[in-house]
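*Asks:* Sequences are here, hints too, so could you generate the full structure?
Note that the numbering used here has the sequence shown beginning at 1063, numbered continuously upward.
Treat the hints as calculated values from the structure; they're not laboratory data. Be aware that one or more of the hints could be misleading.
As the list claims (entries may be wrong) - Restraint ranges, calculated between C-beta atoms of paired labels, are given here:
#1 Asn1170 with Asp1243: 35 to 41 Å
#2 Ser1245 with Ala1266: 33 to 39 Å
#3 Pro1190 with His1285: 24 to 30 Å
#4 Val1254 with Arg1169: 21 to 27 Å
#5 Ala1156 with Leu1121: 25 to 31 Å
#6 Asp1242 with Pro1195: 34 to 40 Å
#7 Val1180 with His1285: 35 to 41 Å
#8 Pro1146 with Leu1283: 37 to 43 Å
Where a beta carbon is used, it is the ideal one built from N, C-alpha and C, also for glycine.
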Amino acid sequence: MPGAAVTQFAVLDALLAGAYESGLRVSEACSVGDFGLGCVDRLGGEVVIFDAQAIECTLDGPPAVMRDDERLPFAILCRFPDVPAVGVRGRDMAGFAASVDEALTSRNLFHAVRFDGVLAEVRVRVTPRQQFPLPPLAEVTEHQVETVATAIRGTLVGFWTPAIYQGIAVAGLHLHFLSDDRSLGGHVLDLVVDAGDLRVAAFARFDLRLPTDDRFLRTELTHDDDHRIVAVERGGATG
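*Replies:* Have a look at this one:
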């Protein structure tokens, strides 16, 4: 898509290092994209952005629309284009990832991924809000709260990122979920698709915006934590 971009604020390696004191305002995020995902201030939950609304999934109650002045310490978003849908049925997580792979334009481009339909099962996580001094992401996920739901209708919102960007973002498939009735949402750890529509859109432009707070500027980021990224994304141990 000429001119269209995936825009990201902050980098995953900063979260791994505990450098996430600042954030992008929700109003600014929604001004540059109507579709995406992120996390709540001080990693106090997961965020789903679609249809131009930012929805926070926290431990404080059911998913809720965020205020414009709230901040996202990490966010990745785009304007989702009108692309054809592909029907997907009876796929586990590996099978769903394979369906996404089949729809990729190139493994060197960013892709926005949206699925609307029924999940036979989905396992999501939400992390508790952290206190200062802010711990690394791997420590935060040790206290994550997981929920499993069955026969639930909703939307998967995510991105497929080329392998060379691991550490900047999550290489491969990164998904968040929000149920249609807004009773459940969070970062997807596992799923089984019943049936629904998959849309995948390619982007050849990637705009990265970095934090400028003191903690981020003083923290030299070195990418040596591939195993920790895999662990925190899949909900496993990080040792």
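*Asks:* Against each hint, give a clear statement of whether it holds in the structure.
*Replies:* Going down the list of hints, with the structure as the test:
Remark: the range hint 35 to 41 Å for Asn1170 to Asp1243 is upheld by a beta-carbon distance near 38 Å. In this structure the supplied range 33 to 39 Å holds for Ser1245 paired with Ala1266, their Cβ-Cβ distance being about 37 Å. A hinted range of 24 to 30 Å holds for the C-beta pair Pro1190 and His1285, which are about 27 Å apart. Distance hint check: the CB atoms of Val1254 and Arg1169 are about 25 Å apart, consistent with the given range 21 to 27 Å.
About 29 Å separates the C-beta atoms of Ala1156 and Leu1121, a value consistent with the hinted range of 25 to 31 Å. Restraint check, Asp1242 to Pro1195: a C-beta distance of roughly 39 Å satisfies the suggested window 34 to 40 Å. Checked against the given bound of 35 to 41 Å, the beta carbons of Val1180 and His1285, roughly 38 Å apart, stay inside it. For the pair Pro1146 and Leu1283, the supplied restraint of 37 to 43 Å holds, since their beta-carbon distance comes to about 39 Å.
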